[in-house]
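Colleague: This is what each chain is made of:
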Amino acid sequence: MSADDDRLAAEVRRTLRSQADDLPVADVPFDPAAPGLPGLERGDEDAPGAGRRRWAGVAAAAAVVLAVGAGALVAADDDPPADRTGPGAETPTTAISIPADAADAGPGALPTPPEGMEAWSLRWGTTTVEQPPLAQLFEGRGTGARLLVVVYPDAVVGESTGLIVRGQPAVAEPAPDVDDGSTVLAWEENGARITAQYRGVSEDEVIAVLDGLRWRTATPAGGFANPTSGLLDLVVEAEGGPVEIRTTTVDYRDEAGSVAEGEGEQLTVRAGVPVDHDGATVAAVTDRYRDTVDDDGRVTHVEPDLGILRRTDPDGSWVEVDANGTTDDEDALGEVADTVTEVDAVALLTLRAEIEQRVVAEVPVVAEVPIAADGDDPAATVEHRADGDAEAVCLVVEGSPRRCSGAGVEGPDVEGSFLVGERWYVVGVGRQARTISAEPSRSSTRDWPPLPGLRRGQADGWHAALVVVPTDLEAVYADAGPLQRPAV
Amino acid sequence: MEEWRSLPGPEGSEGPEGFDAVYVAERPAIVRLAFLLVRDQAVAEELAQEAFLRLFAHFATVENPPGFLRTVVVRLASTWRRRRTMEAQRLTLVATDGHRLPGELDETWEAIGRLRPERAEVLVLRFYEDLDHRAIGRILGCSAGTARSRLRRALADLKGELT
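Going down the list, the sequences are from chains A and B. Just so you know, we're using numbering that gives the first Met the number 0 here: the first sequence kicks off at 0 and counts up by one. Just so you know, we're using numbering that gives the first Met the number 0 here: the second sequence kicks off at 0 and counts up by one.
Think of the hints as simulated: they come from the structure by calculation, not from any bench. Being a predicted model, the structure only gives us computed values, none of them experimental. Be aware that one or more of the hints could be misleading.
Stated by the list, open to error - Only pairs whose alpha carbons sit at most 16 Å apart, straight line, appear in this in silico EDC-like list of lysine to aspartate or glutamate:
#	chain 1	residue 1	chain 2	residue 2
1	B	K158	B	E106
2	B	K158	A	E187
3	B	K158	A	D3
4	B	K158	A	E10
5	B	K158	B	E128
6	B	K158	B	D105
7	B	K158	A	D4
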């Protein structure tokens, strides 16, 4: 390193140590039942020793081998695995009835996984995304220049860096989270915060373009009219506001390896489809700013270091293929993304049943916790299953078939959410007493008020909590975060 | 320069009390390391808790708890950052609040914060944790050569940010 580099290294060292030393860290006793970071999907990060492997190609067809009957879907269990172990081994077949309104549970979107990979976890549902009121993308003709204007309802911008844009003091900063030299200008206008992210054009040029733009309506939410300067043209725009996105997430692991993190090949595929939404979404417009667009208007973004490929269609539907760092083969990731198609509720339920069957067959029971009956709520057994780092929880309600969560690396706590008959059961199992609550909490002390009717049990050092969620609740909170009432 | 994997485990770490000793000894350092990676104390504490939960679950088989904790927290931070970034992109948070005047805070700290996360990460591992290229590569899942070139690139970018 040069003397300059040495000085810089010393400065970095001083800075980092100073920042770390200035951080007050309180003494907090360890609580093994306290949650980690909500929303962090356990198992997403690699464990020490994880490596990358080249994948096999996408399988010719999905290997769904379940019997579908008239109105009911049953995970066939004619050949129980020889290595099935644990006290719950003899519990009958996983079975799922498909109600008449099953369509309410779908559709979703599923890929055809690479050959040799099998699904271990599936989640789907809808989420409402709050978008800013408007996004407009301007592009230069053949110049590569881009300008993304986003209108936000709030007017908090910060102190000006001396620039004036459209007659207003403005802030200019490097654009966050991108490495393409983009800059963001921000200013207030008519009670709104406007940001203009640009690249491939100079600051003077973009300010001249912005100064020349005219609002279509009295408020910024109506957007700018197409500029007449000729430097940049309006190519796509999206009205914002809340948009409902139907999401599907499925985790795959290779057949030969275990489900433990960092072992073998891993793949998480997330798909989102806007519901009842016309035109582009703000997210689709934003993605188009960041990445190249193909002839079909599709935008692909790849992060090779992370093994992630995301593809966004013009209508705002998207697919994200995340190899958890186990491959950086862009073609392989793209191949998986290409196979994602919309599926109906039956396909989702079929895959879920296949996963439950796999958990029962391949993840042994390590503890069975009995839960006593309480009034109308029948007795039940909570099974904690584990195989190395992979854990799952199964629930056997007296008189009903077993239901199981997907298997993942969950740490000491595992949770499940199941609709059994008309009742929504939420179950948690771990080394400490568990709580399931109607109230969210990020407190490490977890002094949540439990839901009424919460039943607890204990066996072999394992604690289980089980509750039939009152019908007026659509969501409850457990250690891993909120759980929504399942449709089926 | 130390490599975590060659560090001896804390005294008594083989017994149930050993975990508590590791927790007390290592928690401040793990929280601080997480903070340098995510720049948010609340998130840093949550990540540290998550790392200790994982150590707790596997304590009997972990040979080097300090190294395990650091490896896990670096990867948790990376996961958290990429999730947040992807989510932000999906939610179109093109520019967030937090515009500050230059010089308001430590200039170098601010400049490190403007680097690509994987480059800031390698600076933290090299200059805060004092790890060599081989150890950094092991944590990040890349070769020592890649770690070295990432570090070079990070310093070059930082130089650009500071000039």
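Colleague: Now tell me, hint by hint, if it's right for this structure.
Modeller: Here is how each hint holds up against the structure:
With a C-alpha separation of about 12 Å, the suggested pair K158 (chain B) and E106 (chain B) falls inside the 16 Å cut-off, and the hint holds. Only pairs whose Cα atoms come within 16 Å are accepted, and K158 (chain B) paired with E187 (chain A) is rejected, the gap being roughly 32 Å. The suggested pairing of K158 (chain B) with D3 (chain A) holds, with an alpha-carbon distance near 9 Å, which does not exceed 16 Å. Proximity of K158 (chain B) to E10 (chain A) is assessed by CA-CA distance (about 11 Å); at most 16 Å being required, the pair is judged to hold.
Between the alpha carbons of K158 (chain B) and E128 (chain B) the distance comes to roughly 21 Å, so the proposed pair goes past 16 Å and is violated. Simply put, K158 (chain B) and D105 (chain B) have alpha-carbon atoms about 15 Å apart, close enough for the 16 Å limit, and the pair holds. At most 16 Å may separate the alpha-carbon atoms for a hinted pair to count; K158 (chain B) and D4 (chain A) meet this at roughly 9 Å.
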